[in-house]
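Q: Protein sequences appear in the order of chains B and R.
Heads up: the first sequence is residues 1 to 347, going by UniProt numbering.
Heads up: the second sequence is residues 1 to 297, going by UniProt numbering.
Hints are computed from structural coordinates only; laboratory data are not their basis.
There could be a bad hint or two in this list.
Going by beta-carbon spacing under 8 Å, a handful of chain B positions derived as facing chain R [as the list claims (entries may be wrong)]: (1) 99; (2) 111; (3) 116; (4) 180; (5) 285; (6) 307.
Owing to the predicted nature of the structure, the values given are computational and were not obtained by experimental measurement.
Yeah, the Cβ is synthetic: ideal placement off N, Cα and C, and Gly gets one too.
What follows is the residue order along each chain.
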Amino acid sequence: MTDANQHEPLLLRVTGLTVRLNSSHGLVHAVEDVSFSLARGQTLGIVGESGSGKSVMARSLMGLLPRRSIAFGSGSILFHTDNAQEQDLAQMPDKLMRHLRGPAMAMVFQDPMTALNPVLRLSVQLTEPLRQHLGLDRQQARSRAIELLAAVGIPDAAGRIDQYPHQLSGGMRQRVVIAIALACNPALLIADEPTTALDVTVQKQILDLLARLQREHNMAMILITHDLGVVASRADYIAVMYAGRIVEYAPARTLFTSMQHPYTEALFKSIPRINDPSHTRLQAIPGRPPQLINAAVGCAFAPRCQYVQPRCRQQTPPVVEVPDAREHRHACFYPISPGLNREEGDD
Amino acid sequence: MRTKVSDQSVVRSRAQGFSAAARQVFGRGFGPGFWIAAGWLLVVALSAIFADVLPVRDPLDPVISNRLNGPLTTNILGADGLGRDMLSRLVHGARVSVVIALTAVTIGMVIGGTLGILAGYFRGHFERGLMAVLDVILAFPWLVLLLALVAFIGQSLMAISVAIGFLWIPAYARVARANTLSVVQREYVLAARAMGAGTLRILLREVLPNVILPVLAYGLVAMGLVIIVESALAFLGLSVEAPQPTWGGMISEGKRHLATAVHVALVPSITMFLTVLSLNYVGDRLRSRFDVRESNL
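Given these sequences and hints, build the entire structure.
A: Here it is as structure tokens:
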């Protein structure tokens, strides 16, 4: 499991993370047995459809899930703080966890329209964490906040800082959200679909901005998205999530050259390609993602899988490593490996 | 030169920013009705503040020869049964009404608002318990409760204000709770938590500023009702003690002269009617912009 990287020190190691939530319809198996690790300065892309448990997983890493909604939680979230100590965030009381949020880990949210408080000036929202975590006084915090705004590419930062969120465009607001997240120089940034609510042209700017800031601060990043294309060139590792499980995990390059899980393949094929002739039909994945209420038997993707076999409906496939491929794991009985004949796969 | 131009453009953009913000908050104007109502409220408020220095007669000075004189005779708005100047008594009575309205609503707003925000934020047993208590208070006949309170704490201006303010706690708690429930689900609250904000910080920085607008807007409607409640008490002779003029007290006095001099009861009644109508009108217009109905949650 300590496979993230040999060169950079390990920052985060999640093992067997399972989160089940109470809902009015029953128990939601939001995150099931998720394991991954991440080194400083690296990017992990988490890809999956809506409702695949990406956001719940991100929030559970930050300890942001409301306590009363958690029905069951297990697994460990080992986080290496600056003094190289290893702490299990899953066991940490909220009082201590609070001091990590901001300086150690921060989060960028999906919709910049709602992630900023509409009735507070940007200056207030930016300086709050600075004063709380770094102990800056009003003046110091303000000048630091202006620096932050300038760093995320907001022109006339000194003039903008006293504005309200509604006076900014969507792209600008997301820049502000990023500036707030970076205020205390976190070691880990979780970006939960940071570009989903933005125009396509702005999306690239925001992703480039995140990449630049990540380099400058040697920050690890978990980039959550439903778009495989977004993480393709920006992530070091990619985890594909389906129904709360990581169904495939690999270094980005490996994933695209030899994807093993049928779901990854289906996601990949559903990206429209610029070189396709006009009117090429997009290969959508048939059916809908499963409801995560109550445990299902068998592979969760089986109902939509074009290679489904009887066994897939009876047993849940365990996570296995691909032979000869380091750090490449998948959860499929019949992986799409080159040379293996699918028809013979069933025994 | 350059700096001057840019300074001007900054000033202009500030001004535009302000008017844009004002439009965002107040929409495309409220129409003439709103401003007439607001103007009347301003007149009442100014009368209350400057009652002592306004060029009106002594409200307590009985001039027997003016007894029950109608409006536009010896006195602009006529005189009451003891020959006291009605205009002067209205102006001084406005002070009682305004003070009681402001104090009572403030008490209800602060206590009820705080309880409501806490209930909406913490939920659980605290919320259920509080709501049960508030429902009991709401279900109690308010006049009976008020009579008991006044009998208990006395008839001074402050006592009346506190008693009426107490009645407003449940309503405010409900408004504040409903708004809090919707605010805490917003992503910016989660974002604040993700930056390590504690409970107190979230309550003061994220929840309170978003809840306070609808609560304040509700305040004007509440003040209208407080004025009516106060006059009902005065009518029963349980408000601030005579000879201090109050609008309710004036109406109460006027009922003795209804057959001979209608204006004694009519003038304060119309004044009160206009004031409460204005409060409701202005308050409703403001509230419709800020209130979050429970059904929208």
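Q: Work down the list of hints and note, for each, if the structure agrees.
A: To see whether the hints hold, each was checked on the structure:
Look at residue 99(B): its Cβ gets to within about 6 Å of chain R, closer than 8 Å, so that hint holds up. Of the supplied interface hints, the one on residue 111(B) holds, with its beta-carbon coming within about 6 Å of a beta-carbon of chain R, less than 8 Å. The interface hint given for residue 116(B) holds, since its Cβ lies 6 Å from the closest Cβ of chain R, which is under the 8 Å cut-off. Using the Cβ-Cβ criterion of 8 Å, the hint placing residue 180(B) at the interface with chain R is satisfied: the shortest such distance is roughly 6 Å.
With a cut of 8 Å, the hint placing residue 285(B) at the interface with chain R is violated, because the nearest CB-to-CB distance is about 28 Å. Among the interface hints, the one on residue 307(B) is violated; its C-beta lies about 39 Å from the nearest C-beta in chain R, farther than the 8 Å criterion.
The structure fails hints 5 and 6 (numbered hints given earlier, in ascending order).
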